[in-house]
Amino acid sequence: AQSVAQPEDQVNVAEGNPLTVKCTYSVSGNPYLFWYVQYPNRGLQFLLKYITGDNLVKGSYGFEAEFNKSQTSFHLKKPSALVSDSALYFCAVRASGFQKLVFGTGTRLLVSP
Amino acid sequence: DGGITQSPKYLFRKEGQNVTLSCEQNLNHDAMYWYRQDPGQGLRLIYYSQIVNDFQKGDIAEGYSVSREKKESFPLTVTSAQKNPTAFYLCASSIGQGANEQYFGPGTRLTVT
Chain A
1 AQSVAQPEDQ VNVAEGNPLT VKCTYSVSGN PYLFWYVQYP NRGLQFLLKY ITGDNLVKGS
61 YGFEAEFNKS QTSFHLKKPS ALVSDSALYF CAVRASGFQK LVFGTGTRLL VSP
Chain B
1001 DGGITQSPKY LFRKEGQNVT LSCEQNLNHD AMYWYRQDPG QGLRLIYYSQ IVNDFQKGDI
1061 AEGYSVSREK KESFPLTVTS AQKNPTAFYL CASSIGQGAN EQYFGPGTRL TVT
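Order-wise, the sequence lines are chains A and B. Just so you know, the first sequence maps onto residues 1 to 113 in my numbering. Just so you know, the second sequence maps onto residues 1001 to 1113 in my numbering.
These aren't lab readings, by the way, just hints derived from the structure by calculation. Incorrect hints may appear among the rest.
[Stated by the list, open to error] Calculated cross-link-like contacts (lysine-lysine; reagent style DSSO-like; alpha-carbon spacing at most 30 Å):
id, chain 1, residue 1, chain 2, residue 2
1, A, Lys69, A, Lys100
2, A, Lys100, B, Lys1057
3, B, Lys1083, A, Lys100
Using the sequences and the hints, build the whole thing.
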């Protein structure tokens, strides 16, 4: 069975500091991994995905994520946080050959001025 | 949220009434999905459809029904059999399965009293 864990309910960071939002996954076979962001009372916006190849994936709004197969992790990172990055972030995984996308429970990111 | 519309944004119903949530996309995507979002639980898949006139149950289909008569439309009916219908409902679409990301609508917040 596929599963995703986001171990932190909330991450606090000061503006200008680097941020990391953690995600670990469990699948049989090769994973497709995704990060989405959700602002209050809005739908989810796609940030980036890993399919294959380079372990460092770059996405929208300066975000990037690092795929680590041995640690089964796909942490979201940004070198310098903005107050406007404050939102709810979801990691998701789909095993190749499977149809369903499984989401984590989300991590709330709060960036203070 | 571009390309997928959900209406209405807020919906209020009395217990025991069926209610239909609208989802329309103009992205020419084959696959469409309905998710339910509750605080602290992430997104849970209700139904999905890979092609017109075909759909499959997700993880929490009980008390819900869908139809897919047109490629661009995937309405969700919340029936009176759904025990706890108050939630935020999200519709999504994708080009296909596999590594393709899903695009989300803005959501409908349903409150049943």
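So, against the hints stated earlier in the document, which numbers end up violated here?
none
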